[in-house]
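> Residue numbers (the working numbering), protein chains in the order written: chain A, 550 to 646; chain B, 10 to 477.
Be a bit skeptical, because a hint or two may be false.
[What the hints assert, rightly or not] Under the rule of at most 25 Å between Cα atoms (straight-line distance), these lysine to aspartate or glutamate pairs were calculated in the DMTMM-like manner:
1) LYS378(B) / ASP471(B)
2) LYS311(B) / ASP616(A)
3) LYS378(B) / ASP616(A)
4) LYS305(B) / GLU387(B)
5) LYS305(B) / GLU593(A)
6) LYS455(B) / GLU379(B)
7) LYS573(A) / ASP471(B)
To be clear, the hints were calculated from the coordinates, so they are not data collected in a lab.
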Amino acid sequence: MASKPPPGHFNILYFATAGSYTAKNVEALPAPLPLKKLFGTLEERYQGIRASVLDHSLVTINLTYVDVTDDEASEDGDQIVIKEGDEVAIIPPVSSG
Amino acid sequence: MAGETKDNSLPKNGLLSARSSDGKFSRRLTDDEFDRYSRQMIVPGMGREGQLRLIESRLLIIGAGGLGCPAAQYIAGAGVGTIGIVDGDIVEASNLHRQVGHATSRLGMKKVDSLITHLKALNPLPTYIPYDFQLTPQNAADIISQYDLVLDCTDHPITRYLISDICVLTQKPLVSAAAVQKSGQLTVLNCPPAPQGLVDGEYPPCYRCCFRKPPPPSSMVSCGEAGIMGPVVGMMGMAQAGEAIKILASGLHLPPPTSDDNTAPPLERNLARPTLLIYTYDLDSAVGPYSFRALKMGGRKKNCFACGEGSTLTLDGIKTGNPDYVQFCSAPTINVRLPPEQRITAVAYHAAKEKGELPAHILVDTREKEHFSFGSLEGAVNMPFGRFLMNAAAVKRTGGSARDLLPTGAADGDAPIFVVCRTGQDSQETVEKLRELGLDNGGQRKIVDIMGGLRAWKQDVDPTFPFI
Chain A
550 MASKPPPGHF NILYFATAGS YTAKNVEALP APLPLKKLFG TLEERYQGIR
600 ASVLDHSLVT INLTYVDVTD DEASEDGDQI VIKEGDEVAI IPPVSSG
Chain B
10 MAGETKDNSL PKNGLLSARS SDGKFSRRLT DDEFDRYSRQ MIVPGMGREG
60 QLRLIESRLL IIGAGGLGCP AAQYIAGAGV GTIGIVDGDI VEASNLHRQV
110 GHATSRLGMK KVDSLITHLK ALNPLPTYIP YDFQLTPQNA ADIISQYDLV
160 LDCTDHPITR YLISDICVLT QKPLVSAAAV QKSGQLTVLN CPPAPQGLVD
210 GEYPPCYRCC FRKPPPPSSM VSCGEAGIMG PVVGMMGMAQ AGEAIKILAS
260 GLHLPPPTSD DNTAPPLERN LARPTLLIYT YDLDSAVGPY SFRALKMGGR
310 KKNCFACGEG STLTLDGIKT GNPDYVQFCS APTINVRLPP EQRITAVAYH
360 AAKEKGELPA HILVDTREKE HFSFGSLEGA VNMPFGRFLM NAAAVKRTGG
410 SARDLLPTGA ADGDAPIFVV CRTGQDSQET VEKLRELGLD NGGQRKIVDI
460 MGGLRAWKQD VDPTFPFI
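With the hints as constraints, model all of the structure from the sequences given.
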């Protein structure tokens, strides 16, 4: 397991191409953060990551899938807030085999 | 296990029969089958009935590579009765570190024939059906519709979306896995299958429910380009076999039994929110910080293009090119095409250098450092493309010095910069980025792409160059 995030933060895990893009496997970001602001926050830190990685990736919070749609008014996106101590994962599809 | 003796207290006949899906008792186990499958039949939850379900099942493996080989071995060993295998490729030496169903003596053979040779030696009882060509939108439905369950062991998004769409329309469960470099993914989709368009309740997702759109081709890497560790893809293939055997032996893909049928195994039937298994393998540490993760997925998406409400996807449409899978998977990408004056062929670069016509210059090789370590052109400095792009983005964002992007000593002066990569795309993007960042000193400094990269170099200049 990745180590616990510091107080006031959540851990975000970067799998596959998300890891190559950010050059890390995990980092701690400030919490709380509304889910719908997640991609914007990451884009600020890693310019271009939205189009190259995030738009086609799955997102989980505490090992459970969450729906991040482009639609600002979507039921889920409006309500979900990433809390202190949560573990978020960015999971791009892998195609090879 | 010590003492592999036959347990003669078990009946050899009589009770060795099972109920098939239509409720009728079907065939008995032969002595050969009984001997061969005894060690898995005595596992609780499996039994004779599970074994007979496997024997009566038809399973399709699409892709006879790194996933398909290990999956097929266990599927065949377990005694699935009919096993179809689709692959149009031939066996190459670079396959063998992970594609364990092939052999050095079968290099150059069709992969399906090679794998079936191996499987027949392992277990001659199943019927093996070879399809020694690629799956296409035209042939996919005819093949897939003849099977009970499909394993996606392919290596490209085009086939992944195609297979998933056909499985939705023909109502087949799909066990999907993938792996590249040091990580793998596995999930069970469409199981038990529900008619397209049903959304009032919990139904299992399809591939499109999970991954709505493919990654841009520029960020997509194949095992051939990015590499793959054998055990990573092997583990995923075996896990696929495990899931497939469980589903078929337990009848998890069949509609739930009616209330008066008490013979159904007491197993978890709800695959409507399946697990996505992720395996990450860290080469830098003995025990990775996290190796396996099981993620709870969502169910069928209401607005899914393939299985959701009001979907217009049809088998006829797919056959006639709608949707266009190739186009869907090659959507917008920055495809740089440099003007001729910023390019030079590998042959011309070599000739000019041999004749001493090239001025003192800097040669930048943008391949990853692992590729670079196998061999490079004389005087080349390594500047891995991925890291360069990130650093370039950071410079744009923070306004740092673009000169720091270049390898030490390369930033000063107006000596021309030549850029070479593996196949000639990354080098063009690099040339363009360097100019954008003003590193051409307002046009005084030439920045030139070596066309076709080191692949062209090997082909046209030096056949002994160690190109991977």
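> Go through the numbered hints given earlier and state which of them the structure violates, listing their numbers in rising order.
Structure breaks hints 3, 4, 5, 6 and 7.
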